[in-house]
Amino acid sequence: MEFKAQSIADFLGGTIEGDANAIVTDVAKIEEGRPGTLAFLSNPKYNKYLYETEATIVIVNQDFEPETEVKPTLIRVPDAYKAFASLLELYQQAKGNKTGIENPSFIDASAKVGNDVYVGAFAYIGKNVRIGNHVKIYPQVYIGDNSIVGDDTILFAGAKIYEDSRIGEACIIHSGAVIGSDGFGFAPTEDGSYKKIPQVGNVILEDNVEIGANTTIDCATMGSTIIRKGTKIDNLVQIAHNVEVGENTVMAALTGIAGSSKIGKNCRFGGQVGIAGHITVGDNVNIGAMSGVNSSIKSNRTILGAPAMDIAQAAKVFAIFRNLPALREQVLDMGKQIAQIKIKLEE
Amino acid sequence: MEFKAQSIADFLGGTIEGDANAIVTDVAKIEEGRPGTLAFLSNPKYNKYLYETEATIVIVNQDFEPETEVKPTLIRVPDAYKAFASLLELYQQAKGNKTGIENPSFIDASAKVGNDVYVGAFAYIGKNVRIGNHVKIYPQVYIGDNSIVGDDTILFAGAKIYEDSRIGEACIIHSGAVIGSDGFGFAPTEDGSYKKIPQVGNVILEDNVEIGANTTIDCATMGSTIIRKGTKIDNLVQIAHNVEVGENTVMAALTGIAGSSKIGKNCRFGGQVGIAGHITVGDNVNIGAMSGVNSSIKSNRTILGAPAMDIAQAAKVFAIFRNLPALREQVLDMGKQIAQIKIKLEE
Amino acid sequence: MEFKAQSIADFLGGTIEGDANAIVTDVAKIEEGRPGTLAFLSNPKYNKYLYETEATIVIVNQDFEPETEVKPTLIRVPDAYKAFASLLELYQQAKGNKTGIENPSFIDASAKVGNDVYVGAFAYIGKNVRIGNHVKIYPQVYIGDNSIVGDDTILFAGAKIYEDSRIGEACIIHSGAVIGSDGFGFAPTEDGSYKKIPQVGNVILEDNVEIGANTTIDCATMGSTIIRKGTKIDNLVQIAHNVEVGENTVMAALTGIAGSSKIGKNCRFGGQVGIAGHITVGDNVNIGAMSGVNSSIKSNRTILGAPAMDIAQAAKVFAIFRNLPALREQVLDMGKQIAQIKIKLEE
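Protein chains in written order, with our numbering: chain A, 1 to 347; chain B, 1 to 347; chain C, 1 to 347.
Among the hints, erroneous ones may be present.
A pair counts as met if it fits within one copy or between any two copies, since identical chains are not told apart.
Unchecked claim - Taking lysine to aspartate or glutamate and the EDC-like style, the derived pairs with C-alpha atoms no more than 20 Å apart in a straight line are:
| hint | residue 1 | residue 2 |
| --- | --- | --- |
| 1 | Lys48 | Glu69 |
| 2 | Lys344 | Glu244 |
| 3 | Lys196 | Glu206 |
| 4 | Lys316 | Glu17 |
| 5 | Lys262 | Glu32 |
| 6 | Lys196 | Asp116 |
| 7 | Lys98 | Asp116 |
| 8 | Lys48 | Glu169 |
| 9 | Lys229 | Glu52 |
| 10 | Lys229 | Glu190 |
| 11 | Lys112 | Asp10 |
| 12 | Lys45 | Asp79 |
| 13 | Lys196 | Glu102 |
| 14 | Lys195 | Asp152 |
| 15 | Lys265 | Glu190 |
| 16 | Lys195 | Asp151 |
| 17 | Lys262 | Asp283 |
| 18 | Lys136 | Asp108 |
| 19 | Lys112 | Glu89 |
| 20 | Lys136 | Asp116 |
| 21 | Lys71 | Glu244 |
| 22 | Lys195 | Glu169 |
| 23 | Lys48 | Glu17 |
| 24 | Lys196 | Asp207 |
| 25 | Lys136 | Glu163 |
| 26 | Lys342 | Asp310 |
| 27 | Lys136 | Asp63 |
| 28 | Lys195 | Asp207 |
Derived by calculation from the structure, the hints in this document are not laboratory data. Just so we're clear, the structure is a prediction, and the values are computed from it rather than from any experiment.
With the rest of the complex left out, here is chain A:
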């Protein structure tokens, strides 16, 4: 896509200084600006880059005064950061503005598909599926029988939705994510082998949920595995059967939540966190990367470590841990001193 300085200024209600016909095809940070890119300058710390950047157009605050002549075309607006952010949103929407049904795709005769929907080639929509309006289903997506996908949701290429899933409105599910695979439930038998426990529940994603690439969310054994509205889950995360994650919680990559655990709302998990099964994590809980949580956690705590501790305690523990050899030396040395004292006392 190409944009002229004039069109951008018109859209933002800004004023141009320089070449109104300058053209950009991409965006960049001001310190990485290349010819043909649009950048912005808001934080005065970055002012120096304005005189070096090769960006073609730079959005600046209305009151910004350059110290010397600048090469890029400037567009002045009341708030350069906000203006740039709104352009980015527009840009992303324009990029993803696909509609229509590509061929071949598979839409079962019993499925109901809303208006203004994109169905990419090789996408599969099963029996009795209901797809809302303005939904984008990229190529090679699979939507199993009886599933529901709400309005404005985007399923990127190759996302897999098992039957009976309920996907809310304005959700984003990235490529390779698997929603509704069987929970990991097996009953041991007398001969040491395992018998599969039927997994007949489903997965519910409420509205505005984002699921990262290749993340897996298992269906419930019975009932539903639930991700509440506004929650954002990064790539390669495992959510086991019957887990429930509260509203507006964010989880970084490679985290695993074991079966039947309940996670509160407004929590923030770092990467590679592990949560044991059948426990409860309260609201507003922050968990540091690589922490292992094997018992329930009350609301409003910040924890770290495996096993997880309060962050202040963890900081002390890790500081000593790293210096264990010094502590041990000290103990050995004290042992010698005590021995010497004893000898002296015997004398």
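Using the hints provided, position chains B and C relative to the given structure of chain A.
For chains B and C alone, coordinates are given in the frame of chain A:
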């Protein structure tokens, strides 16, 4: 699907108390029963829920005596738990009872496909592939050349099987699982770059193996990476080249087994476990979540931690670890006492 | 595929001892040789296996002298290991020698596809995509709009490439890998919910990069997430937005690199490593499995642990860690001794 109380009672050989025409369309735990669901009551601890549940039908033990009137239709059977479990199995089988070849799918002319097989749309079956009877190949599955898939196996949507793989009977492979990708083998060269070591082996899954969503199992460099019969592997697990996993072993999500390691039978691994390469883990070994195993482990042990220790030792170690600041205080305090003693002795 | 001893000897410029018409269809290690396999013997440690192996043909060094009669046909060459390795490469190339366009596949009219390319069934090539020569695109691969794929690259079944990606020459991307999914960027709002930060950058893979199965590499928020030439990434690895990984670095499975971190060249990471965001790891850094790195690391270091320490320090720390109960006993015992000394001093 809809079931009448009468049909369920007939199937189970049970007797009805209440409305024989009551209809259910889903199952639920008794404490989560909603109208239209079937639940069961077996453990007396849950008796109280019978009087509150909104489930439409509840299966109870023959000799169960309610303390007061109950709303749901009851079906009395000798063992309520077993009866419910057998219904769930039936339900899951009925749900997944797909057959026939959907179009378009790709079945190479040289492939042999058994009887009563389901091949979903956009599934790909390569040259010389042999598919057994009653196999279900969901949409967008890929089966590379020369692979063999045994009777009664289910490959869920988007599972990827590289060429030359051998999949046993009654296996279940979930969406996004990758079987037979190249082992991670590279030889360093003099200029610091790496030369790929050809990976010409394959993967063998024996019978009754279940592989979770987005799990990856690499082929052997030469020979076979082998998963023995009855073993169950959860989601997002990495099994590297030339690994061998014994019978009836279960591994939870996000676990990684490095190249050429041998895992015994009847082992149980928690989530996020790491096993180093070229080591042996014996039979009946239990490994706690997040443990790191960097040397061989004898049979019948239960280990925990990174590096992994016997569970009893690990419990002691972690208790002290969490209290390291107190231990350090004690040491510092003892140091002061020793200094005072020395002064006293000098006097 | 079938090969005669005579053809192999001709190809290698070797001499035959035994049946020149012996036929092999597979390769094996000499200690695992089965009838119909080709093996090699180079390391004298393995000589004993030559007299037991059931391999049909064994490649040996020119000057090798068997101690007794051997069953397999021998092919003598100057360097048995090198000869075998070159055969393996040939074998792998022959196995993967697919060409032509399978149907149905989706190639947008605006896409440009080079010569001698394989496009498997159900593969999707979007608008303005440019595919080089000798590229292999396996079934069910997705290549989003405006992406570029260099000559000789292989995309295995079901790899997903988001729009605007740049894939270099001679890269290998395994099944289920996702290149260019959105970075995990959200701005908190006043009501506790999160607003998505548009992710308008892309991913650049330079030449000779290999990406493992189900690995995910997020696009940059702006600019590019970059994997430099010759770098090899294992299965199930997460590379977040705006990360840059230097040349010839290798990373084992289940590792996660958080946003905006820069990794140097010629590094080697074990499995399940975690790297925090916005840090720099120098060149030639080795990181042990399961290490957690939360601050920048200078070049040429070898580190281990979470938090990561120099390997020598880590070895000492872990040795003490495992024996913490003994250290604690020692401290308690010294406490008693000090108490006794004090009593004695009072006397």
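A quick look at each hint next to the structure:
no., hint, verdict
1, Lys48 with Glu69, "within (12 Å within a copy, 80 Å between copies)"
2, Lys344 with Glu244, "neither (66 Å within a copy, 63 Å between copies)"
3, Lys196 with Glu206, "between (29 Å within a copy, 16 Å between copies)"
4, Lys316 with Glu17, "neither (55 Å within a copy, 63 Å between copies)"
5, Lys262 with Glu32, "between (43 Å within a copy, 15 Å between copies)"
6, Lys196 with Asp116, "neither (42 Å within a copy, 23 Å between copies)"
7, Lys98 with Asp116, "within (9 Å within a copy, 31 Å between copies)"
8, Lys48 with Glu169, "neither (44 Å within a copy, 37 Å between copies)"
9, Lys229 with Glu52, "neither (44 Å within a copy, 28 Å between copies)"
10, Lys229 with Glu190, "between (43 Å within a copy, 16 Å between copies)"
11, Lys112 with Asp10, "neither (41 Å within a copy, 36 Å between copies)"
12, Lys45 with Asp79, "within (16 Å within a copy, 62 Å between copies)"
13, Lys196 with Glu102, "neither (39 Å within a copy, 28 Å between copies)"
14, Lys195 with Asp152, "between (41 Å within a copy, 15 Å between copies)"
15, Lys265 with Glu190, "between (42 Å within a copy, 15 Å between copies)"
16, Lys195 with Asp151, "between (39 Å within a copy, 18 Å between copies)"
17, Lys262 with Asp283, "within (10 Å within a copy, 33 Å between copies)"
18, Lys136 with Asp108, "both (17 Å within a copy, 18 Å between copies)"
19, Lys112 with Glu89, "neither (30 Å within a copy, 29 Å between copies)"
20, Lys136 with Asp116, "within (9 Å within a copy, 33 Å between copies)"
21, Lys71 with Glu244, "neither (54 Å within a copy, 29 Å between copies)"
22, Lys195 with Glu169, "between (37 Å within a copy, 15 Å between copies)"
23, Lys48 with Glu17, "within (18 Å within a copy, 76 Å between copies)"
24, Lys196 with Asp207, "between (32 Å within a copy, 14 Å between copies)"
25, Lys136 with Glu163, "both (19 Å within a copy, 15 Å between copies)"
26, Lys342 with Asp310, "neither (41 Å within a copy, 37 Å between copies)"
27, Lys136 with Asp63, "neither (41 Å within a copy, 54 Å between copies)"
28, Lys195 with Asp207, "between (36 Å within a copy, 13 Å between copies)"
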